[in-house]
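Chemist: Residue numbers (the numbering used here), protein chains in the order written: chain B, 1 to 192; chain D, 1 to 192.
Bear in mind the hints are in silico, worked out from the structure with no lab data behind them.
Any given hint might turn out to be false.
The calculated lysine to any residue pairs, modelled on SDA-like cross-linking and capped at a C-alpha distance of 20 Å, are [unchecked claim]:
{"no.": "1", "chain 1": "B", "residue 1": "K45", "chain 2": "D", "residue 2": "K44"}
{"no.": "2", "chain 1": "B", "residue 1": "K45", "chain 2": "D", "residue 2": "I49"}
{"no.": "3", "chain 1": "D", "residue 1": "K113", "chain 2": "B", "residue 2": "G83"}
{"no.": "4", "chain 1": "D", "residue 1": "K44", "chain 2": "B", "residue 2": "T50"}
{"no.": "5", "chain 1": "D", "residue 1": "K44", "chain 2": "B", "residue 2": "K65"}
{"no.": "6", "chain 1": "B", "residue 1": "K44", "chain 2": "D", "residue 2": "S118"}
{"no.": "7", "chain 1": "B", "residue 1": "K113", "chain 2": "D", "residue 2": "H43"}
{"no.": "8", "chain 1": "D", "residue 1": "K182", "chain 2": "D", "residue 2": "E168"}
{"no.": "9", "chain 1": "B", "residue 1": "K65", "chain 2": "D", "residue 2": "P48"}
{"no.": "10", "chain 1": "D", "residue 1": "K44", "chain 2": "D", "residue 2": "G83"}
{"no.": "11", "chain 1": "D", "residue 1": "K65", "chain 2": "B", "residue 2": "V52"}
{"no.": "12", "chain 1": "B", "residue 1": "K45", "chain 2": "D", "residue 2": "L109"}
{"no.": "13", "chain 1": "D", "residue 1": "K96", "chain 2": "D", "residue 2": "S130"}
{"no.": "14", "chain 1": "D", "residue 1": "K113", "chain 2": "B", "residue 2": "Q108"}
{"no.": "15", "chain 1": "B", "residue 1": "K38", "chain 2": "D", "residue 2": "I49"}
{"no.": "16", "chain 1": "D", "residue 1": "K45", "chain 2": "B", "residue 2": "N28"}
{"no.": "17", "chain 1": "D", "residue 1": "K113", "chain 2": "B", "residue 2": "Q36"}
{"no.": "18", "chain 1": "B", "residue 1": "K167", "chain 2": "B", "residue 2": "G22"}
{"no.": "19", "chain 1": "B", "residue 1": "K44", "chain 2": "D", "residue 2": "L109"}
{"no.": "20", "chain 1": "D", "residue 1": "K44", "chain 2": "B", "residue 2": "K38"}
{"no.": "21", "chain 1": "D", "residue 1": "K38", "chain 2": "B", "residue 2": "S73"}
{"no.": "22", "chain 1": "D", "residue 1": "K44", "chain 2": "B", "residue 2": "M114"}
Partial selection, computed: residues in chain B whose CB lies under 8 Å from chain D [what the hints assert, rightly or not]:
{"no.": "23", "residue": "G22"}
{"no.": "24", "residue": "A62"}
{"no.": "25", "residue": "T71"}
Virtual Cβ for every residue (Gly too), placed ideally from N, Cα, C.
Number of protein chains: 2
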Amino acid sequence: MNYPNNIKKDNYKINYGNRGMGLEQDLNDTNNYYLQNKTAVIHKKPTPITIVSVDYKSRKDAVIKEAYFKTPSTTDYNGIYKGKYIDFEAKETKNKQGFPLINIHNHQLEHLKMIIESGGIAFLIIRFTSFNETYLISAKKFLDYIKINKKKTIPIKFFKENGHILKEKYNPRLDYLGIIDKFYLEGENYER
Amino acid sequence: MNYPNNIKKDNYKINYGNRGMGLEQDLNDTNNYYLQNKTAVIHKKPTPITIVSVDYKSRKDAVIKEAYFKTPSTTDYNGIYKGKYIDFEAKETKNKQGFPLINIHNHQLEHLKMIIESGGIAFLIIRFTSFNETYLISAKKFLDYIKINKKKTIPIKFFKENGHILKEKYNPRLDYLGIIDKFYLEGENYER
Chain B
1 MNYPNNIKKD NYKINYGNRG MGLEQDLNDT NNYYLQNKTA VIHKKPTPIT
51 IVSVDYKSRK DAVIKEAYFK TPSTTDYNGI YKGKYIDFEA KETKNKQGFP
101 LINIHNHQLE HLKMIIESGG IAFLIIRFTS FNETYLISAK KFLDYIKINK
151 KKTIPIKFFK ENGHILKEKY NPRLDYLGII DKFYLEGENY ER
Chain D
1 MNYPNNIKKD NYKINYGNRG MGLEQDLNDT NNYYLQNKTA VIHKKPTPIT
51 IVSVDYKSRK DAVIKEAYFK TPSTTDYNGI YKGKYIDFEA KETKNKQGFP
101 LINIHNHQLE HLKMIIESGG IAFLIIRFTS FNETYLISAK KFLDYIKINK
151 KKTIPIKFFK ENGHILKEKY NPRLDYLGII DKFYLEGENY ER
């Protein structure tokens, strides 16, 4: 199977512990903060792989000797917040013009669509590493945009106009649930 | 790290495609049925692993050459049904007396507790392969039981008296959401 660049980059990052993982590390720290404070139970899913061979030296040490990365069929993050089902995908891009759609799989877009239809809270968190700007965009707005605009890259302008910028703080690192409170759970929930 | 036997067995099963995976295969079939019928969006999480080395022959073929199984920090299954967050763990045991607690990690029990506290629907699906009997048991009842009874194995009697037997059907294979409708979502939700 052919994977977009970012998949391998992400896996590369995952390979070597949790050092310098950028957005993923920020989100893990944030989710740990939410977990410890009993704000929300949101976890990143493990990287989907197909295991071909495993060496069982002993009961303690099973070593996977051959495995392959699978195309994810869902988003990376889900969980529960204020009794609501939360589901999102997080991506980084170095691109200066916008977000290249090759970074996200069709399966993941279909998944987000199904979550919206099921009454869940679905969104994307996208970081433009060139400007170090991170946006939360509702999955509905994102999907509506790509349905109409058949572009390979979503211009950064779209995120500036329709998304919510996520400022980095000390704790929680990226308080995306603050945005969810404001734009999904309070008032008219217009983003759903 | 030391893994209970079942973890390796489960991974063994996962290693070789989807053949003869028993309960896991039944649940995957059931979840696919729910997904296709837009009943619910529930997926099994990938097996958590730590990747140590990856061989990138070409852009297309990244081969994981060394990886290790990680102790799961959450349950294997979660998703959304009728707007509600669903979370459960599924286990098989050959044991004839009951369910050995070594089959489930403390992290997973803590996770189930947090899901209950967060207002999610949390349960376990346990199959006794010796009798080919599968039970759905509410996480609350399961956790309450092990809090009081400091046993290494939960007797099958407990599941017969407090759980709900899941009969295998053609489609959906194991209609566990039928039980959820009846005992969680209708009436007094007494299982929560």
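Chemist: Taking each numbered hint in turn, which are not upheld by the structure, reported in ascending numerical order?
Modeler: 5, 14, 15, 20, 23, 25
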